[in-house]
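Chemist: Once you've looked at the hints, dock chain B against the given chain A.
Here is how the chains run, residue by residue.
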Amino acid sequence: MRPLVPVSTATKVLLGVGFFVVFFAAWTAATLGGYVNRTFLADPLTMAVAGWRLLSVHGFARDIGVTIWRVFGGFALAAIVGVPLGIAMGAWKPIEAFFEPFISFARYLPASGFIPLLILWAGIGEAEKLLLIFIGSFFQLVLMVAVTVGSTRRDLVEAAYTLGARASGIVGRVLLPSSAPTIAETLRLVLGWAWTYVIVAELIGASSGIGHMITDSQALLDTGQIIFGIVVIGVIGLVSDYLFKTLNQRLFPWSLA
Amino acid sequence: MSRLVLDEVSRTFPGVRGGPPTRALEPTSLAVADNDFICLLGPSGCGKSTLLRIVAGLDRPTTGRVTLDGAPVTAPGADRGMVFQSYTLFPWLTVEQNIRFGLREQGLSTAEQTRIAAHYIARVGLEGFERHYPKMLSGGMQQRTALARALANDPKILLLDEPFGALDNQTRSLMQELLLGIWESDRKTVLFVTHDIDEAIFMANRVAVMTARPGRIKRELVIDLPQRASSRAHGPRQRTGPASGARRSGPPNGTSARPRSSTAGAPAAGAAVEAEVAGPSSNS
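If you read the sequences in order, they're chains A and B.
Heads up, the first sequence is in this note's numbering, so the first residue is 11 and it goes up one at a time.
Heads up, the second sequence is in this note's numbering, so the first residue is 110 and it goes up one at a time.
Hints were generated in silico from the structure; no laboratory data involved.
Even glycine gets a Cβ: it sits at the ideal position worked out from N, Cα and C.
A hint or two may mislead.
[Stated by the list, open to error] Pair by pair, the computed Cβ-Cβ distance ranges are: (1) ARG296(B) with ARG163(A): 29 to 35 Å; (2) SER153(B) with VAL157(A): 42 to 48 Å; (3) ARG163(A) with ALA140(B): 31 to 37 Å.
Next comes chain A alone, as it looks inside the complex:
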């Protein structure tokens, strides 16, 4: 195989699906073949049955809906505050000098470590879940947006100046459009992180959601349900990632290679 030679779409799909098949086959062989104790790892069939029972009997669809709303709620909050702040920091250096040291510090605070405090402040309701996702994604998002905007090609900025642009034109019609595709990619990445934080939030002090179902199943030692919950998160993540990617390609056709 020669390096960096692209493959056709059909081959790409085939290979991508192929690994799922290999993974599934190995899992089936390990569990149904009796190599792994059923107490520790459910086989695919048991998982499917557990999943069906969850959806039809226990109203798991509602849990999925609650989790999705929490993810997008917390993510939207972080984006609404974080993207404008990041743009301001990237564009105006005094603003960056003011916020950057604190945000770099806050970025390393473990979001899950805030759970006890957040429960104390916001109770065990939705606000606590949204806040945890907000803390987990906001600081990372701000820094990445600031770096993106700050690294706008200087020659484009200079060209805009020689064409008569002033400060507002530079920010609104050069910095913003040139950073927009990368900011959209950053949002896609941060949405993935929001998914890991929502489950952490739901593992502690929640009465609904996919994470809550997983803790319940832990008490019952029902590995089938746990695995089904994890798979559902993976599928939702894959779908939302695909939608995000498609949207970005539609919005920014000029940035495609």
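Modeler: The following block gives chain B in isolation, referenced to the frame of chain A:
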């Protein structure tokens, strides 16, 4: 009457990591008159791009001052249009939107923007490519768009920083003739930076030869090609004919005898420029 006046302009860059500061440009004076086409000619590191950037307002002189129509230049502005050597079209805008950029910044109505953009798209021969994004264009077409974008603002002076430096020979010749045609028909004032002797003599009516270390203008030469004189009498159409004929009279794919063959019409001027560029600094 001089439009652009550089008065003892110098530029010193601060030293890197405690090193001594670098004098990129010795105090330099230059006067550019209306409808002048002046080439700043010199090797890499002679400060010619620094000089152009100071005129554009993208860099500040350490000493001296620049005035355009009597007003001091302190910041970039739409009255000095610039074309860069690197491709600086806005990649998120189409060809037409790129050309409208400056007009929009000035607050012109959409109808006006459309009219002016269409005029310059036709002027540089980009009809049919209005909706293309820059990365769908060849290098020559991108520089045509950049030229149209700068011209659309109707600047008092056009600043070009080796605009054709990255283009192949055929495209460069076409672009040179396109620019000369625009200069002659639209009566533009042009300050053109190049390291190509051939290009400087072909394009300019005055060449300012610069030397490196120290960066300064060593000598100014008036280029008075006979073709140019006849073209002025007969208009821009005829100008490209004989000029390009003289220019291409050398061996078709030879790159060696370039300066001499191209300056066949004015051997004295060509030899003088060559002597200035190649010779020891004392023979002027």
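Chemist: Next, verify each hint and record whether it holds.
Modeler: Evaluated hints:
no., hint, result
1, ARG296(B) with ARG163(A): 29 to 35 Å, "holds, 33 Å"
2, SER153(B) with VAL157(A): 42 to 48 Å, "violated, 32 Å"
3, ARG163(A) with ALA140(B): 31 to 37 Å, "holds, 34 Å"
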